[in-house]
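If you follow the hints, you should be able to join the two separate chains into one complex; please do so.
Taken in sequence, the protein lines are chains A and B. So that you can map any letter, position 21 of the first sequence is 21 in this note's numbering, and since no number is skipped, the others follow by simple counting. With the second sequence counted from 1, adding 352 to any position gets you this note's numbering.
Just so you know, these hints were derived from the structure itself, not from any lab. All figures in this text were calculated on a predicted structure; none of them were measured in a lab. Worth double-checking, as some hints may not be accurate.
[As the list claims (entries may be wrong)] To spell it out: a stretch of chain A is covered by chain B in this simulated footprint if at least three of its residues, at any positions, have a beta carbon under 8 angstroms from a beta carbon of chain B; those stretches are:
no.	segment
1	175-182
2	229-236
3	266-275
[Said to hold, decoys possible] Listed next, the in silico DMTMM-like pairs over lysine to aspartate or glutamate satisfying Cα-Cα at most 25 angstroms (straight line):
no.	chain 1	residue 1	chain 2	residue 2
4	B	K398	A	E275
5	B	K416	A	D170
6	B	K416	A	E275
[Stated by the list, open to error] One side of the interface only, derived from the structure: several residues of chain A facing chain B at Cβ under 10 angstroms:
no.	residue
7	A69
8	P171
9	H172
10	S186
11	D299
12	P300
13	D301
14	R302
No residue lacks a Cβ here, since even glycine has one placed at the ideal position from N, Cα and C.
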Amino acid sequence: MHPIFARGGRLAVYLTVWTLAGLTLSALLAARGGLGWGVGLAAGMPLTLAYAFVCLSAWHVSRFTPLAASGQVRLIATSLGASFLSAAALVLLARGWMFLLDRWTGADAAFGADTVSLVFGFGQFVYLLSLAVSYIVSAAEQARHAERRAFQGQVLSREAELRTLRAQIDPHFLFNSLHSISALTSADPAGARRMCLLLADFLRESLSLGSADRIPLARELKLAEKYLEVERVRYGDRLRLEVDAGGADDCLVPSLLLQPIVENAVTHGVAHRLEGGLVRVTASKSPSRVTMVVENPCDPDRPRRTGGGVGLANVRSRLGALYGNDATVNASEGDGFWRVEISVPVVARENP
Amino acid sequence: MTEEQPLRVVIVDDEPLARGVVREFASRQPGVEVVAECANGFEAVKAVSELHPDLLFLDVQMPKLNGFEVLELLGRSVPVIFTTAYDKYALRAFDVHAIDYLMKPFSEERFAEALARARTRLAAREEMPVEDLLSEARPRTGPLERVLIRDGSQVHVIPVDRIDYVEAQDDYVCFKADARDYLKDQTMGAVEASLDPARFVRIHRSYLLNIERIARVELYAKDSRVAILRDGRRLPVSRAGYARLVKLL
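One chain only, chain B, in its complex shape (with noise of 0.2 angstroms):
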């Protein structure tokens, strides 16, 4: 079988070393070719937003975004083979349906063993719902810490105690931190599942709010209240999202 297009990877790590072994046996294989190096998961998401590659060296231990937090901003199929020196992510790295899982120290044999299997399941061009198997997997690492959001080439890390409360706008969420709008391609059953419910309530249809925001609620008509935040902002509360809110306080 002769490749006509080279397989064009990027290589994410953020110890140059580890970089170069990986640049080194790529470059001894035929048909590969490296496109991007990068040194972070924002370069990470950048990169492959940007040049659209076949396949993702992926380190997991790396400063501000992790292995796992660049595929789930990527969300859509990207694959990826992993290497890492911890075989601790390595049932992770088979629910988000890695290709392969390298642990360092690796050997040229297994790289190639890894690239092969690569080229195998890029030819049976299997499409990898990695969104779907990303939140299955998320509940076992309990509630986010933080939310990441892609804007385009850029990355939005919020640390979830900045989230004032996030609003549900058709197709989209918006998280609302710091005095500014940040749009997320996500449901708001989504974004409630995954933030710890002793902090973020749902207090109505359309917002989820942290419990820490709120000044005091007052009743504005028969049956319907109003939150009033710290800053003086006003959200609607449903009689069901009182509910909640009593409970919970």
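The shape of chain A in the complex, shown without the other chains (with noise of 0.2 angstroms):
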């Protein structure tokens, strides 16, 4: 539908302005003409008027020939090919009208060639005004539109990061913690605080790292190691760390990329052995590239679930999308150990 009757009060508006127009026409004829203004008005206003319909075409001829999409030549054969034709119309129309007015009124309405090209010239230069206007409608619209798809998307990509992040917090993980902390309150009140204070320190520390885009490492590995600590209250003695940022402390990574391996190192290596075992996350830097590891001693005879793929595909999937082909990530298992080594170029911290 065409813009101008999408909403009441645009017509009277475009009527209007109009109006001003036919106005300027009359006193063209008036004046040039030499009719006199009673005439002019006369001549000038319903001409005006009924232009202003053929006008509206304008709009059309803007979507079919789309400024972004067409080719120069394209655009000014048909801009001119439609003001021309227009403005012949309104030449048509104006001989008949005069004509009936000089019938009707007897007045000396003469149409000589001045009065027609001072016609032409009015129509073909209104109609490409009018062109001109729907061209800049329809860009502010277009942009609009543009607007309003980067906010969806914007939505979305929020929306799908909050659904990973649920994802990654384990809730068993907080069952577990809770748990614990239950157990605490009468034998050990004090560590029962503790508990609590580093079951918060985590759980804020991984929200804030949520909404980031890259981080420094060192804080990814706080953050991996607070998770430890918070674990090693469950497991006790079974469950060991070492963390060690290897000078690649200021280098940018991608957030809570470690996490998930960091988590799976727990759940399905040290977990499953009865002796428990070291979790080692380290870090090393060459002049173009961050390599970062995570080391875990595992049972080989451990019933094997498909689940466990699911956090180390993420990361791949991520880094995908991030690095291109640019990142690796590499899982590997033997000799009772299981190792994930993750890749990724530098990218340098930026100073504020």
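As structure tokens, this is what we get:
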């Protein structure tokens, strides 16, 4: 539907603007055609208002030859062609109307070559103006659409982020931690408080990292350490940990990248061993790359579950989206050890 | 109602603090005696076989042997109350006639309720055919990945890919794995049903063979064949067994 008819108020505004154009044409006819004001108005106003509806076609012309997708030649040819036809129609209309005026009023509404070129010029100019306005309006509309699309995209990606985040904080981790606190409250109140603080610390940090894009590796390692501290309260001596940034503290890495791997190291690795084991999270840096390694002992005879691969698959797809083929993830098992190595290109820490 | 004999309970959980919760709640209940605390399934099987407790508080997720595997190994009616942070095992717990299912963290009131339920159940002396119910519940979890064998208070865990073949012996079956024999009180039919039919084939009334161990099959006499394993051992193949083998390969 034509935007002018889309809302009631628009047509009134449109016709008001055209009334101004009508006055202009009337004045021109009165002055140049030597008709006098009365005949000028009687000729100019109805013609212009009728032409207002002809010029509505400019919107459709602008739709069929969009600025972005059409070549210059086509654009100019279409504009000139459409304005020429419309102006010619206006001239015919004017000729007929003047003839009738001449008949009815006996006024001397002569329609000389002078008047023809005046009306034609007016028609072409006004039509081109309408066309320009149409292009501006549709460009503005497109911009608004694009903005809305971008906004929707943002909302979607934020939702996805929240979903992954929610999936990342394993509810059983929370329930088991709360159960540990419940155990400590009577036997070791100070320990219960310490566990509450550890848990709160971990949750707060992982929520704030979830909204960040890339973070210094040191923060990611700190989070892994906090997680392992909480789990150590549950598993006791069975879980040991070693975290070493290897001089790569300042390198920027995607947030919460290591976290699911560290969680797997505990739940699918150390937790399956009677004697427990050591989870090692280490990093190293070369001039162009950062390498992160998570290592843990595992039970070669543990029951295989398909669920364990989800965390790793998420890490892979995230790295693919961020770095294309420039990041690598290698997971391997050997000699009773499970090892995940991630290598990403160095992104220097930006100076504020 | 006064209990003359205390209720003897065993606590099984790999987390010391989680054992502490049960111990603490139990200590405030009259007529309850904690006779053992176990940090894993092996200790649990040992403790139950030696101490014959009245009730087991059993965690599900533990290293090496999970709670359900412990129950399967015990193979007799041990009244059990599961304690776990996971709700996904509730249906299976119901299948094995668990007395109750405590979701961590649980309150002392909820614990007392579970204990009262256990006393009622024990007073009624309900027999729970655990083994039947377990084998009924098993198909839902897919073919076995490991075979559990109890030898007195000792437990062997055999991953199925280490099994060479299974041989029927009177009332037992014998698992041949890692150059050792493991006897289990089970029927050949039950073993065959629990193992992956794409990997184990019944080549004979008395033999269930891991197909990865076959080197070749030779004609021995008319209508009678013999399977030769990679390590040279020879097993008889019946006519129906040969048909099954051909179909699989």
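Structure-based check of each hint:
no. : hint             : verdict
1   : 175-182          : holds (count 7)
2   : 229-236          : holds (count 4)
3   : 266-275          : holds (count 4)
4   : B:K398 to A:E275 : holds, 18 angstroms
5   : B:K416 to A:D170 : holds, 22 angstroms
6   : B:K416 to A:E275 : holds, 11 angstroms
7   : A69              : violated, 55 angstroms
8   : P171             : holds, 8 angstroms
9   : H172             : holds, 5 angstroms
10  : S186             : holds, 6 angstroms
11  : D299             : holds, 7 angstroms
12  : P300             : holds, 8 angstroms
13  : D301             : holds, 5 angstroms
14  : R302             : holds, 8 angstroms
Checked against the numbered hints above, the structure violates only hint 7.
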